[in-house]
Amino acid sequence: MLKFGRMRLDPLGLLGVAILIGLWFVLLPFTPRAMLPSPVQVVRYLAESFFYAPNFRYFGLADHSFLSALTYTVSNVLIAVGFGSAVGILLGLFSARVSALRAGTDPIALTVGNVPILIASPFLLMWFGSGRLSTVLVVAFYVSVTLYVYSQRAAVNLSPVFEASARTFGASTPAVVRDVLLPGTLPEILGGIRIALAGSWGLEAVAELLGDQRGIGKAIRSIATAMDVEGLFAALLLLGLTAMIVDLAAARLVSGLSSWRTRDETETA
Amino acid sequence: MQTRGNSIAFDKVSRIYRRAGQPNFRAVDNVSLTIAAGEFVCIVGPSGCGKSTLMQICAGLVTPSDGTVLVGSTPVTGPGADRGVVFQQDSVFPWMSVIDNVEYGLKCRGVPARERREIAREYLARVGLGMVETSWPKELSGGMRKRVAIAGVFANGSGVLLLDEPFGALDYVTRHQLHDVLLGLWDDGTSSPRTILFVTHDVDEALTLGDRILVMGSGRVVDDIAVRAARPRTPDALLDRDMVEIRHTLLRHLGLEGPRARAPELVAAGR
Amino acid sequence: MTRNKRDTIIGIVTLACLVLAWQALSIRFRYEIAPGVPMVPGWQVVFTSTLKSLSLYWPGGLGVQSVAEGAEPTYGRALLAILYHSGATFARLACGMVLGMLLGTLLALVASWSKWGQRIVNGPMLFIRALPLLAMIPLFQLWFGLSFLGGVVFVAYGVGVIFFTAVLNAVTNVDRVYLDNARTFGASKGHIYRSVILPSILPEFGSAMMLALGTGWAAVMGAEFLGAQSGLGYIIVYSQSFGYLDRMFLIACLIVVYVTVIFMAFRKLFDHLTRWKY
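Protein sequences, first through last, are from chains A, B and C.
Read in UniProt numbering, the first sequence has 249 at position 249, and its numbers run on one by one without any break.
Read in UniProt numbering, the second sequence has 226 at position 226, and its numbers run on one by one without any break.
Read in UniProt numbering, the third sequence has 139 at position 139, and its numbers run on one by one without any break.
No lab work stands behind these hints, which were simulated from the structure alone.
Check each hint, because a few of them may be wrong.
As the list claims (entries may be wrong) - A short list of chain B residues far from chain A (calculated; beta carbon distances all over 10 Å): (1) Val85; (2) Asp90; (3) Glu118; (4) Val222; (5) Asp236.
What the hints assert, rightly or not - Far from chain A, by Cβ distances over 12 Å, these chain B residues were calculated: (6) Ser7; (7) Ala9; (8) Leu33; (9) Gly217.
As the list claims (entries may be wrong) - Straight-line alpha carbon distances no greater than 25 Å define the calculated SDA-like cross-link-like pairs of lysine to any residue that follow: (10) B:Lys12 <-> B:Arg212; (11) C:Lys268 <-> C:Lys52; (12) B:Lys138 <-> A:Val161; (13) C:Lys268 <-> A:Pro107; (14) B:Lys138 <-> A:Pro160; (15) C:Lys5 <-> C:Leu18; (16) B:Lys12 <-> B:Gly78; (17) B:Lys12 <-> B:Asp66; (18) B:Lys107 <-> B:Val132; (19) B:Lys107 <-> B:Pro94; (20) B:Lys107 <-> B:Met144; (21) C:Lys5 <-> B:Arg18; (22) C:Lys115 <-> A:Leu23; (23) C:Lys115 <-> C:Thr184; (24) C:Lys5 <-> A:Val98; (25) B:Lys12 <-> B:Leu33; (26) C:Lys52 <-> C:Leu211; (27) B:Lys107 <-> B:Gly67; (28) C:Lys5 <-> A:Pro107; (29) C:Lys52 <-> C:Ala182; (30) B:Lys138 <-> A:Ser255; (31) B:Lys138 <-> A:Leu12; (32) B:Lys138 <-> C:Asp175; (33) C:Lys268 <-> A:Gly104; (34) C:Lys5 <-> A:Val112; (35) C:Lys268 <-> C:Val257; (36) C:Lys268 <-> C:Gly227; (37) B:Lys107 <-> A:Arg178; (38) B:Lys107 <-> A:Gly104; (39) C:Lys115 <-> A:Leu12; (40) B:Lys107 <-> A:Pro174.
Computed from a predicted model, the values in this text were never measured in an experiment.
No residue lacks a Cβ here, since even glycine has one placed at the ideal position from N, Cα and C.
Okay, chain A solo, but in the shape it has when bound (with noise of 0.2 Å):
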């Protein structure tokens, strides 16, 4: 293993990329050109279009740079998990406590949580209009659900021990939910927050390509429609990217606050 700080780097796992790449030069002279690009044409055309592309203004986009598209949908995809999470945690936790409320919110959570959220994204574009605001709420939708489902295992998972020693001691019921419930499931909310953000990337672009101005995923569609085939590549290569190195940075975030666990738990997690 290749160790850079934390990260650990498996040398066998780079010859897998290595040989993903070659069989992509491989298949190059058998495949049209308007069906598969060569990486190097794919990497060099990122590159040229992220400060400025000429072209996004022919296709007609608000965007001129892959640059700003993606601080668009980035934006967009982190204001989601904000406000998403936080409702999500919410009842989450709270359902997990008051069971009146579970036999409520979990028959709902469990048709919603199962239905593709994306069917979602006509009905906001109507009733809110095509823009920021109908994307956010389709991601923030998603979100929630997800974290809902989460946060309630989290806190039905945690020993109630716990919270009846905290009691023991004369901690009052705010005292009990930030000491006790809210560390506790912690560990296994943040690794949901993991999971609704890796999904949200997806789900935040079709909504861009559905019907709003702004975006990779309006730059996705744009592209597409032109049959820019090395264009396509480079803004799915740009995002699949973004998504890995906000994971990574959101694993370490993971490890670093849940480090009173267990070493075999922090490891599966």
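Assemble chains B and C onto chain A, guided by the hints.
Showing chains B and C alone in chain A's frame:
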């Protein structure tokens, strides 16, 4: 800080569980009982006899269906800092460092940070954990975590300590070490030790620790035995004639001794 | 009254309240997007005129004329339209899921055969899993079109990635005790795969299935939103572009029912299959 033990008085306490389609289950059945301040009382009984429920009623974690419990002159209405509890399960908060755990009760009562740290340090040293103050509980063994829990309830200065099979999951050696730690903290030479109610299923543990042993069966107190032997009671001291006598009585209550309690082949083998 | 019973009642009451709240909203907001198309369609509209209007989506055939050919909209035609488009969606979903499940599982079992294989695929998988699935619809559209093949391949890709990851992970996590036990009996590697690894990854397989169902539905909806000419998702976006919110609503309700029923069925099935678990 000087803590005085408190008396406990159970007055006609019952706890009834209603179950669908079955007769009501009386976990604790009309128990009246007085425990003097500073007494070390052990409660033994088979599982399901109501000993843990009785303790949780005293802790305020379970509301009695009937009757009242007085601690000192205050009726129990819920959990409170005047009664410290050591649980059977690991109750040390894994997300707090060892010293923060010991300080927790003091923090809840608003003791200033510097003062509570001092108290916590003192008690950690007294349970033999002075060197692991800042460790996470996950870095400690099960026995060490029990020491942290004990330090916590003693540091909190409760007049009454309730221990619910605290050492049930520990190995033989660790359990004996913890008996010494507990007795050392309880009888630290001051004139008024705290009152301890200690639930256990282990007869030898009760004999080693208690001033008085209560036997419970089917929700009632069926026997109340005074143990006058001097402490510390080594394993050898348990072979003393009075002790053996009490031991026989306890085992008889638990159904382990009597006409048909022993398997015939063991009797034949002369064991 | 037991707690379970009480909870069931609360659940039913909550769902009923939602249904009624929708009706109340429809009375409160009477704004119409187009004449006869309310912004918030009440149930009395949804189950009558909206339902009937779905007959417009019947493409004809089976001796039943389509509305485009001059026939009147009827409930019968509406039912045929629903069946036709549900069928299209289910065909994409089912073919994609089966294909993805088989390929993902097979490839994972192959990759898990040696420790080296596992480590080699871990690198690229880290990136492939990070690629947002729904954002890749235009790529699959470009490669395969989205009529039928594109939809199936897209669903298969999304589902395949999940099964590949889950199966590989499950094989790595099989308790060593079982493997050692089998080895002390002299089992060969192939035999261990059949008698130890496959049964012990079955529970994981079940949870991957649940995850894949959710992803599969999202994928098929996304594919139909962005270019298919049939399917429930197609009706939703097509109606959206003409402002028929009531039709979108009816189809969305139908999807909610489908998804819920399918999930419950699969959960029951897997609970039954893995009832030996602790």
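Status of each hint after checking the structure:
1. Val85: violated, 4 Å
2. Asp90: Given a closest Cβ separation of 7 Å, the condition is violated.
3. Glu118: holds, 18 Å
4. Val222: holds, 28 Å
5. Asp236: holds, 36 Å
6. Ser7: holds, 19 Å
7. Ala9: holds, 19 Å
8. Leu33: Nearest chain A Cβ is 20 Å from leucine 33 of chain B, so the label holds.
9. Gly217: Consistent with the label, glycine 217 of chain B stays out of reach of chain A, its closest Cβ about 26 Å off (over 12 Å).
10. B:Lys12 <-> B:Arg212: Measuring from Cα to Cα gives roughly 20 Å; hence the hint holds.
11. C:Lys268 <-> C:Lys52: At roughly 35 Å apart (the allowed maximum being 25 Å), lysine 52 of chain C and lysine 268 of chain C break the hint.
12. B:Lys138 <-> A:Val161: holds, 17 Å
13. C:Lys268 <-> A:Pro107: holds, 17 Å
14. B:Lys138 <-> A:Pro160: Distance ~18 Å between lysine 138 of chain B and proline 160 of chain A Cα, so the pair holds.
15. C:Lys5 <-> C:Leu18: At roughly 20 Å apart (the allowed maximum being 25 Å), leucine 18 of chain C and lysine 5 of chain C satisfy the hint.
16. B:Lys12 <-> B:Gly78: This hinted pair holds, its Cα atoms lying about 18 Å apart.
17. B:Lys12 <-> B:Asp66: holds, 7 Å
18. B:Lys107 <-> B:Val132: holds, 20 Å
19. B:Lys107 <-> B:Pro94: holds, 17 Å
20. B:Lys107 <-> B:Met144: holds, 22 Å
21. C:Lys5 <-> B:Arg18: holds, 16 Å
22. C:Lys115 <-> A:Leu23: holds, 22 Å
23. C:Lys115 <-> C:Thr184: holds, 20 Å
24. C:Lys5 <-> A:Val98: It holds: about 16 Å lies between the C-alpha atoms, which stays within 25 Å.
25. B:Lys12 <-> B:Leu33: holds, 8 Å
26. C:Lys52 <-> C:Leu211: Distance ~35 Å between lysine 52 of chain C and leucine 211 of chain C Cα, so the pair is violated.
27. B:Lys107 <-> B:Gly67: violated, 32 Å
28. C:Lys5 <-> A:Pro107: Since the Cα atoms of lysine 5 of chain C and proline 107 of chain A sit roughly 14 Å apart, the hinted pair holds (cutoff 25 Å).
29. C:Lys52 <-> C:Ala182: violated, 63 Å
30. B:Lys138 <-> A:Ser255: holds, 15 Å
31. B:Lys138 <-> A:Leu12: Violated, because 33 Å separates the two Cα atoms, which is more than 25 Å.
32. B:Lys138 <-> C:Asp175: Measuring from Cα to Cα gives roughly 23 Å; hence the hint holds.
33. C:Lys268 <-> A:Gly104: holds, 22 Å
34. C:Lys5 <-> A:Val112: holds, 23 Å
35. C:Lys268 <-> C:Val257: holds, 17 Å
36. C:Lys268 <-> C:Gly227: violated, 35 Å
37. B:Lys107 <-> A:Arg178: Roughly 13 Å between the alpha carbons, so the hint for lysine 107 of chain B and arginine 178 of chain A holds.
38. B:Lys107 <-> A:Gly104: Roughly 37 Å between the alpha carbons, so the hint for lysine 107 of chain B and glycine 104 of chain A is violated.
39. C:Lys115 <-> A:Leu12: holds, 10 Å
40. B:Lys107 <-> A:Pro174: holds, 14 Å
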